[in-house]
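Novice: Listed below are the residues making up each chain.
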Amino acid sequence: MNYRGSAKKLLESSGISIGDLITIEKDDVTYQGMVLDRSEDADDQHIVLKMDSGYNIGVNISSSNLKLVEKGKKPKLDLKPLTIKEDPAKKDISIISTGGTVASIIDYKTGAVHPAFTAEDLLITNPELRDMANIKGKAICNILSENMKPEYWVKSARSIYDEINEGAYGVVVAHGTDTMHYTSAALSFMLETPVPIVITGAQRSSDRPSSDAFLNLLNSVSAAKSDLAEVMVCMYAGSDDTGCYLHRGTKVRKMHTSRRDTFRSINTAPLACMKEGEIEILPGAKGYNSRGTVELKLNDYLEPDVAFIKSFPGINGEIIDYHLDKGYKGIVLEGTGLGHCPDQLIPSLERAADYQVPVVMTSQCMYGKVNMNVYSTGRRLLKAGVISGGDMLGETAYVKLSWALGHSEKLEEVKKIMETNIAGEIEEKSSLDYFLL
Amino acid sequence: MILIDYGDFMDWEKLGLKMGLEIHQQLDTKSKLFCPCSCNLTDKKADYEILRNLRPTQSELGKIDRAAFQEARRKLRFLYEAYSQETCLVEADEEPPCPLNLEAMELAIVVASLLNMKVMDEFHTMRKQVIDGSNTGGFQRTGLVATHGFLETSQGKVVIENLCLEEDAARRIETTSDGVKFRLDRLGIPLLEITTDPSIHHPEQVKEVAYQLGQVLRSTKVKRGLGTIRQDLNISIRDGARVEVKGVQNLDLMPTMVQREVERQIKLIEIRDTLLKREAQVEDEIFDVKSVFEDTGSKIIASAPAVKGLKLTGFAGLVGMEIQPGRRLGTEFSSYAKKLGVSGIFHTDELPAYGISSREVDRLKDFTGAGAEDAVIIVAHQEEIAQGALEEVKRRALMCFDGVVEETRKALPEGNTEYMRPLPTSSRMYLETDIPTFTITRPQVQKIKNNLPEIPRAKKERMESEYNLSEDLATQLVKRDKVDDFENIMNNLKLDPTVVASLLAYSLRELKRDGHSMDSLDSKTLINALKLLEQDKISKDAISPILIHVSQKNSSPQEAAEALDLLMLKESDVEDIIQKIISQKEDMVKQRGMGSMGPLMGIVMKELKGKADGKLVNKVLKESIQKFL
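Chains as they are written, first to last, in the numbering used here: chain Y, 1 to 437; chain F, 1001 to 1629.
Hints in this document: simulated from the structure, not taken from any laboratory. Be a bit skeptical, because a hint or two may be false.
Stated by the list, open to error - Far from chain F by the CB rule (all over 10 Å, computed), these chain Y residues:
(1) 15
(2) 44
(3) 58
(4) 88
(5) 130
(6) 138
(7) 140
(8) 143
(9) 227
(10) 260
(11) 325
(12) 328
(13) 346
(14) 356
(15) 424
Unchecked claim - Not the full set, but computed from the structure, chain F residues with beta-carbon under 10 Å of chain Y:
(16) 1122
(17) 1131
(18) 1142
(19) 1153
(20) 1161
(21) 1624
(22) 1626
Just so we're clear, the structure is a prediction, and the values are computed from it rather than from any experiment. Backbone N, C-alpha and C define an ideal beta-carbon position, used for all residues, glycine too.
Chain Y extracted, bound-state conformation (with noise of 0.2 Å):
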């Protein structure tokens, strides 16, 4: 029960406890209905009541009397355990689930949607899906995506391994949308598959009949049998209920709060787009892996102590010294326009490269490539040992830099690393295309 103080002690004393049905008498009115739990963060002068109505109303305790009408259960959601029948005839697909909006539901505690089902429990609400494949659910954790940590990366990268290895024809993962793209990008960097790898979620939480959580994954079970051996995301094309896009794991970003289509390829063009279950691979996709070409390999090591750091006007030298020497291993710098910062931040710099810790340059414009040629500043920075993180995203260059320090703490070794094209997340070429997609 998450109420406290005035309120708390008023249904204590009361003998009432959540999912009695009650009477509150106040001088002027009487109301009666079941007490529901209230919010954590809510006062502590109202008790929530469900009317017979439907309606939850507040009632202030003050001169109130509390009576007991009937004892009741807590109100709980109450799903009936699946009983799943293997058909040979369908392919395996795994579904591991780490929490997040494609798998939430109304939580009584703060009154707020939380992730809170399991893998089953999105076959419970999304029946469809098993007419399309035999689904194998695994929960590897229950956090919200804006919670992940690189461990949770290793983690998950570990389970899908196991999946494949195991014989899993796809695999999706259910995520929250926050830091999706740091995930994708992580498993990216981590896996070398052989078939699909899929990371979905939602926009609208799973509870409601709008909720795009159901397309989403109809979509992605399907790209899991596709042939597009590679990790990817798929969500919303657009506003309609009517297709996703793959995008490639390393060159997608949440660009939106709130909206469906929220995850956007950047400097690049999607990979699919996913209609009632149908892939068609577009034209402008680059080269990708068929399924079966790749043998599974897992390359998990990660240096967790790598810092983002955002250029900005008034920036000075002492973020990046204070990294330093806080014994941060790798710092990306998400500089403006080609590629720049402050001059007054270039001695610091300096002293990252004596101290063998890698800079990494990328774009706050997100899109174009970083030239730090162009320019003096830029000059002087390539001086300073900065490495150029070409048209990477800033989010994928700081996991990428993290996978290569995992790797390698040499200078040298790790700046070839981030130049050199792993996982598709640097393409050589800009297209016309590429922009505002």
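Guided by the hints, dock chain F onto chain Y, whose structure is given.
Specialist: Only chain F this time, still in chain Y's reference frame:
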């Protein structure tokens, strides 16, 4: 149309008639309930069309609502018309709602107070599942503001149970084979939902309650005009069941609608009794009867890929029985079937007809084994749809054994009703987690209560006592919402209240009725026109022509009076004219002396064309004749 007046022979009390009223009124706020968009509708071409599907989900208590499921079975696609300026991401369900509109909340508390209600301490926004597509989220946001109110009527007190503040739904534009198209302009306009308890017991009382509620609402900032207020009626009789009639537009039609619903419930009970007596049955089997109609004259049947039949044992004569004027039990079956996409059904009580021959009817009965007491229902459509439609008919036919079933029905223009969907259950509601709860403090409520608008009845009484207006004029001023204009004028000018009131209550309306647009007429212009009257520059008969001129030529009232030559003449001008006339009629004046007053008055008044007051003319004429003599 002949309406039978059941009031004469129906004993409402004996029947146990109970009614409740539910009113939805749009508020006239600056912005919508949960986003900054304006509350105006638009006829512009949509900038965007968004395609969506809705899926029913688990509600807060884990029960799935049966109305929600009914809608889901239709698997409709929804198309939403959206705009770059008029609507935003909130209506498109692409952004969480903004905080609650406080102006709307205040209006809700005003209305609650006027209806003697108790206002909640804390307002919780709920999600009410509505998956007919009229809400992009699949739910309507709504919250309970007040309870425990009442209204006095001439037939006793009526309890006002609930007042809710909620979002209006999207506007249904058209239904095509592709699905239903909605426009997002209306979605999110603040709406008050006021419900009475089911204690209204006479058809005329329901009309009175609706009228009074309308009057209370109109004393606050609510939208006016077609579609801004919607009334739903709950009707039941003792042996019947609760039926909710949606979309009752015309107050005058309410008593008729009640009578016809009562009639329907009585007939359904009669049908139930007959069925039980006959030991009637709804057969489980659905027959493929295509072969019966191999060379049929019915175009509908001939062109359909499948023809399906359902036998209703013991239903003969009842399916065709009229239960409302022009509507039969078969019409009820048909309404259920239509939900599955068929355009209608055929039943043996109405056959042979529609190109179906009596030989085919006989063969149909033979084929299904139907006897003289049995009825057969047929549907012609694609296999799956025809099958589904008959399953629905079967479901409805089984309900006949319960007599009246709880339903949501649609009001039809002539006073009948038609099946829409099952009554929603209360499990449609769960907490809207994107909006924090809203505390309504007692001082806030008290402040609003201290500043309540005058309700129409009090306003009318004040008009009578304060301004000495007749009851009729006072009523008209209140009814036509002209009290503010009236008082504004009376505060500014010294004029006879009756003259001003009749201008506002009647003359303006007559001008409009005569086809003169008075749209450009603001209160300032009206005051300027009346100022001319106050200053005796014009006569009161000159006001209407001046206002017409003003609205047509966009001139000032003064200019209009000049252009129309309606300005009153000064006394000296009147003297000049009278002098002139006396000298013209010199002989007569000399002959008849003061006796010429009468004839001269007529001539002078004609000449002056009403531009001088009669009394003045009389005085000047008298003096002038005396002087002349």
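Novice: Could you run down the list of hints and mark each one as holding or not?
Specialist: How the hints compare with the structure:
no.	hint	in the structure
1	15	23 Å, holds
2	44	12 Å, holds
3	58	3 Å, violated
4	88	29 Å, holds
5	130	16 Å, holds
6	138	22 Å, holds
7	140	24 Å, holds
8	143	19 Å, holds
9	227	28 Å, holds
10	260	6 Å, violated
11	325	41 Å, holds
12	328	36 Å, holds
13	346	42 Å, holds
14	356	46 Å, holds
15	424	29 Å, holds
16	1122	3 Å, holds
17	1131	5 Å, holds
18	1142	8 Å, holds
19	1153	22 Å, violated
20	1161	8 Å, holds
21	1624	76 Å, violated
22	1626	78 Å, violated
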